[in-house]
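First to last, the protein sequences are chains A and B. Read in our numbering, the first sequence has 92 at position 92, and its numbers run on one by one without any break. Read in our numbering, the second sequence has 69 at position 69, and its numbers run on one by one without any break.
Every clue listed holds true.
Here are the simulated DMTMM-like cross-link-like pairs (lysine to aspartate or glutamate), alpha carbons at most 20 Å apart as the crow flies: (1) A:K92 - B:E36; (2) A:K76 - B:E38; (3) B:K176 - A:E104; (4) A:K70 - B:E38; (5) B:K257 - A:E66; (6) A:K92 - A:E44; (7) B:K204 - B:D232; (8) A:K76 - B:E56; (9) A:K105 - B:D30; (10) B:K204 - B:E188; (11) A:K92 - B:E173; (12) B:K57 - A:D101; (13) B:K257 - A:E75; (14) B:K176 - B:E131; (15) B:K257 - A:E97; (16) A:K63 - A:E75; (17) A:K70 - B:E296; (18) A:K51 - B:E131; (19) A:K76 - B:E36; (20) B:K57 - A:E75; (21) A:K70 - B:E36; (22) A:K76 - B:E58; (23) B:K176 - A:E97; (24) B:K257 - A:E104; (25) A:K70 - B:E56; (26) A:K92 - B:E131; (27) A:K70 - A:D50; (28) B:K257 - A:D101; (29) A:K63 - A:D101; (30) A:K70 - B:E58; (31) A:K92 - A:E30; (32) B:K57 - A:E66; (33) A:K70 - B:E173.
Worth flagging that the hints you see were computed from the coordinates, not collected in a lab. On a predicted model such as this, the values are computed, not experimentally measured, just so you know.
Below are the chains, spelled out letter by letter.
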Amino acid sequence: MSIMTRKLTLAALCAMAMLASPSQAQQAAEIQVTYSNGQFQPSEVRAPADKPITLRVRNADAKAMEFESKSLRVEKAVAANSEGVINVRALKPGRYEFYDDFNEKARGALVVQ
Amino acid sequence: MATKFQRRNAMAQCAAAGLFWCSGAARAEDASSWREIETKYIFGFTTGSGIGLEGEKEFTVDSISRFGKRDGHYAASETKYEFEFTPSQLIQIEFGALGSTHHIAGVTDLDDRRQVAFSGAFAELRYLAIERTSNNPLAVTLAVEPTVRLIDETSGARVHNYELETIINADLELLKNRLFAGFNLLYEPEVTLTRMGDVQREAKFGGSAALSLRIASNVVVGGEIWYLRHYDSAALTAFTGDAVMVGPTLYIQFTPKMFMTAAWNTQVWGREIGNPVSLNLAEFQRNRAKLKFAWEF
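Looking at chain A on its own, in the form it has when it is part of the complex (with noise of 0.2 Å):
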């Protein structure tokens, strides 16, 4: 492989790690969220636009859940009284609504301002 090749190859590599990972250099916002009963407490979160956001998924239930997002694209499976800890990208100003994958009527919604 010529050095050219390699410098090439090298280049697409760091444009794709960019590409693929949420901005590292800002302090993420942090969030928590309690899933218990069936239900996330509370259904509505907030968080500032443009600004990773760390969620922090804490499932008091007896049984496992998943956390699942189309808008965010994101999922955990989160066992039974542990906590799941979801990296999202920094995000623009809208609702971005989330459920357990394992209950149709567990609800919620992530507000960004």
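Given the structure of chain A, go ahead and fit chain B onto it with the hints provided.
Just chain B now, kept in the frame of chain A:
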């Protein structure tokens, strides 16, 4: 014995009854209570902008069949056995193997053939460039898909074929959780080395528009139209013909982790440069069908 017309009429009536039943079910449900839907597969041959959820993995079997040439009998299919995963919230990666079937008899310029074969491999990188929010209904994904084939897609002959599909997948949420429009813009250059030592360069260029209505929380129906141009050069300089294809689409989510999509396209207009016949059946087919099953895990 029922005639072909009577059979088609009966099928149309069944389809209409199915749609009527589905639309009735849709009226009974409240769309605002539905979960958001992944748009990637709801438009048939047109691909939506969805890239899945971070950490999600999926195995799919995606089969495209092509039927009908100017004369004789022509039926061919290519099936992707595909693994998809989403390593970040902006990128999706797919790769897999290809299998093909060819049943050709009495078609001008093609050898008769009846074969099933392993036909190659592919990979795809998708990057979500514009993401949908509650304030912005548009989402756009850029994708590149290099493919290597050992079997020619059209003739089924042994070749070495290298293709690079580049595509823009865009979709608009017209009615929240209910009505979606999809658009694709495609450029697909390829080079084929035949067993006789010939080198053939060609390219496809075109686009599509699709409209899909979610008639129940787990069922989406719609229609799409494709316009495709064919060139005997990668640089789009030697135009050889074009075609318009239209048809219905269907998406069904069986469980939260399993779904299928189906589509049928018929060529309704086409032309071959230098050949004053209707339709372009040299570079495209009379009909094509898509059937895809996916399992997420």
